[in-house]
Amino acid sequence: MKKINIENKEAKFLTRIADTSLILGQRNAELCSNGPFLEEDIAISNISLDLFGRAEEIYNIISKIEGGTHEADDYVFFRNEREFFNIKLVEQPNEDFAWTMARQFMHDVYAEFLYTQLLESKNDEIKGLAQKALKEIEYSLLHSRDWLYRLGLGTEESNARLQEAFDHLFKFVEEIFAFDDLDKEYLPNCGELQSQWNKEVNRVLSEINIERKEYEALSMRDYRDGFHSEHIGHLLSIMQYLPRAYPEAKW
Amino acid sequence: MEATDKVWEVFIQKKAGLAFKHAGSVRAFDKKMAIQNARDVYTRRSEGRAMWVVPTEAIVSVPLDNSDAFFDPADDKAYRHATFYEIPDGVKHL
Numbered sequence: 005m006k007k008i009n010i011e012n013k014e015a016k017f018l019t020r021i022a023d024t025s026l027i028l029g030q031r032n033a034e035l036c037s038n039g040p041f042l043e044e045d046i047a048i049s050n051i052s053l054d055l056f057g058r059a060e061e062i063y064n065i066i067s068k069i070e071g072g073t074h075e076a077d078d079y080v081f082f083r084n085e086r087e088f089f090n091i092k093l094v095e096q097p098n099e100d101f102a103w104t105m106a107r108q109f110m111h112d113v114y115a116e117f118l119y120t121q122l123l124e125s126k127n128d129e130i131k132g133l134a135q136k137a138l139k140e141i142e143y144s145l146l147h148s149r150d151w152l153y154r155l156g157l158g159t160e161e162s163n164a165r166l167q168e169a170f171d172h173l174f175k176f177v178e179e180i181f182a183f184d185d186l187d188k189e190y191l192p193n194c195g196e197l198q199s200q201w202n203k204e205v206n207r208v209l210s211e212i213n214i215e216r217k218e219y220e221a222l223s224m225r226d227y228r229d230g231f232h233s234e235h236i237g238h239l240l241s242i243m244q245y246l247p248r249a250y251p252e253a254k255w
Numbered sequence: 003m004e005a006t007d008k009v010w011e012v013f014i015q016k017k018a019g020l021a022f023k024h025a026g027s028v029r030a031f032d033k034k035m036a037i038q039n040a041r042d043v044y045t046r047r048s049e050g051r052a053m054w055v056v057p058t059e060a061i062v063s064v065p066l067d068n069s070d071a072f073f074d075p076a077d078d079k080a081y082r083h084a085t086f087y088e089i090p091d092g093v094k095h096l
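Quick mapping for you: the protein sequence lines, in order, are chains W and U. First residue of the first sequence: 5, per the working numbering; consecutive thereafter. First residue of the second sequence: 3, per the working numbering; consecutive thereafter.
If you are wondering where the hints come from, they were derived from the structure by calculation, not from laboratory data. Quick caveat, the model's predicted, so the values are computed rather than measured. It cannot be assumed that every hint is accurate.
[To be verified] The calculated lysine-lysine pairs, modelled on DSS-like cross-linking and capped at a C-alpha distance of 25 Å, are: (1) U:Lys94 - U:Lys17; (2) W:Lys203 - W:Lys217; (3) W:Lys13 - W:Lys203; (4) U:Lys94 - W:Lys139; (5) W:Lys188 - W:Lys203; (6) W:Lys13 - W:Lys68; (7) U:Lys16 - U:Lys33; (8) W:Lys139 - W:Lys203; (9) W:Lys139 - U:Lys17; (10) W:Lys136 - U:Lys17; (11) W:Lys136 - W:Lys217; (12) U:Lys23 - U:Lys34; (13) U:Lys17 - U:Lys33; (14) U:Lys8 - U:Lys23; (15) U:Lys34 - W:Lys139; (16) W:Lys139 - U:Lys8; (17) W:Lys136 - U:Lys16; (18) W:Lys16 - W:Lys203.
[Said to hold, decoys possible] From the derived model, a few chain U residues whose C-beta atoms are all more than 10 Å from chain W: (19) Lys33; (20) Arg51; (21) Pro57.
[Stated by the list, open to error] Over the 12 Å line for every Cβ pair with chain W, so calculated as not near, a few chain U residues: (22) Phe13; (23) Asp32; (24) Thr85; (25) Phe86; (26) Asp91.
Cβ coordinates follow ideal geometry from the N, Cα and C atoms, glycine included.
Turn these sequences into a full structure, and let the hints guide you.
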């Protein structure tokens, strides 16, 4: 088995962003052919493809920084759990449609502010990527936010299910904003992200009768050190099965 | 989906100035969802720059059992077709 080390500081930072996009793409891809109805099935699959495409472009940039020792596919298929650095929010399962949309909305708001900061990157390739990604994120946000209004203000059951989804997912928000030195080096204004995110999320929640509850902080270690919730292993085993079982497979 | 949704017909314009063409249909509960669904289903390979969605029930169509009387009289009137003069160069999309 290939051993994949990512050495360069910028590459390490970018891996966090690429992995977050990849893992959410994989979660959404689980709904391809399993969506609640045809149109939404295609919408979620489109968003999934956008996320995969974005991740691939970032892995290509990482590969270049690292001197081309590995390709994008190697980063995706030949790293193990502890070598992935996605925010835990995006690995949470598709318990029901409310979970999927709440997770997507929380991610999209984060992504919108994050990629806006990446427009100021000193790396021109990242700058270009951020420009392109922001258009996709804007649409995805339109889509996920719209569903929150429909679910939150829909029936008693849709509201209850959305509340349950948020109750679970909020536990994974705190770490997103616990920036370390590496984040601060490549996102000099990352300190603003938390208040921007809270403002938008709280605004929407207040309009759709969803409560942001206090919760007991979980003793979970940081995603930046390769720690995960229990769900990542199953996700990776499905995502990585084919190229590991058939290393010569081409697609 | 629930009984309260309905079918919408989707029309897409490829470029400014061209006619809107029927692309297909989607199911949705309201205008906003209809246009978003249509965007996702019919414009994912950059098929267009503008789009209409129209509730199918708003479209008036010729009942099939009337179609003979409705269309047949045009069959022997070849002069109604613009085939008797040459189209000047430079005229597109006629």
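Consistency of the hints with the structure:
{"no.": "1", "hint": "U:Lys94 - U:Lys17", "verdict": "holds (13 Å)"}
{"no.": "2", "hint": "W:Lys203 - W:Lys217", "verdict": "holds (15 Å)"}
{"no.": "3", "hint": "W:Lys13 - W:Lys203", "verdict": "violated (31 Å)"}
{"no.": "4", "hint": "U:Lys94 - W:Lys139", "verdict": "violated (33 Å)"}
{"no.": "5", "hint": "W:Lys188 - W:Lys203", "verdict": "holds (21 Å)"}
{"no.": "6", "hint": "W:Lys13 - W:Lys68", "verdict": "holds (13 Å)"}
{"no.": "7", "hint": "U:Lys16 - U:Lys33", "verdict": "holds (21 Å)"}
{"no.": "8", "hint": "W:Lys139 - W:Lys203", "verdict": "holds (21 Å)"}
{"no.": "9", "hint": "W:Lys139 - U:Lys17", "verdict": "holds (20 Å)"}
{"no.": "10", "hint": "W:Lys136 - U:Lys17", "verdict": "holds (22 Å)"}
{"no.": "11", "hint": "W:Lys136 - W:Lys217", "verdict": "violated (35 Å)"}
{"no.": "12", "hint": "U:Lys23 - U:Lys34", "verdict": "holds (20 Å)"}
{"no.": "13", "hint": "U:Lys17 - U:Lys33", "verdict": "holds (23 Å)"}
{"no.": "14", "hint": "U:Lys8 - U:Lys23", "verdict": "holds (21 Å)"}
{"no.": "15", "hint": "U:Lys34 - W:Lys139", "verdict": "holds (19 Å)"}
{"no.": "16", "hint": "W:Lys139 - U:Lys8", "verdict": "violated (30 Å)"}
{"no.": "17", "hint": "W:Lys136 - U:Lys16", "verdict": "holds (22 Å)"}
{"no.": "18", "hint": "W:Lys16 - W:Lys203", "verdict": "violated (29 Å)"}
{"no.": "19", "hint": "Lys33", "verdict": "holds (12 Å)"}
{"no.": "20", "hint": "Arg51", "verdict": "holds (15 Å)"}
{"no.": "21", "hint": "Pro57", "verdict": "holds (15 Å)"}
{"no.": "22", "hint": "Phe13", "verdict": "holds (16 Å)"}
{"no.": "23", "hint": "Asp32", "verdict": "violated (9 Å)"}
{"no.": "24", "hint": "Thr85", "verdict": "holds (42 Å)"}
{"no.": "25", "hint": "Phe86", "verdict": "holds (46 Å)"}
{"no.": "26", "hint": "Asp91", "verdict": "holds (39 Å)"}
Of the numbered hints listed earlier, those contradicted by the structure are 3, 4, 11, 16, 18 and 23.
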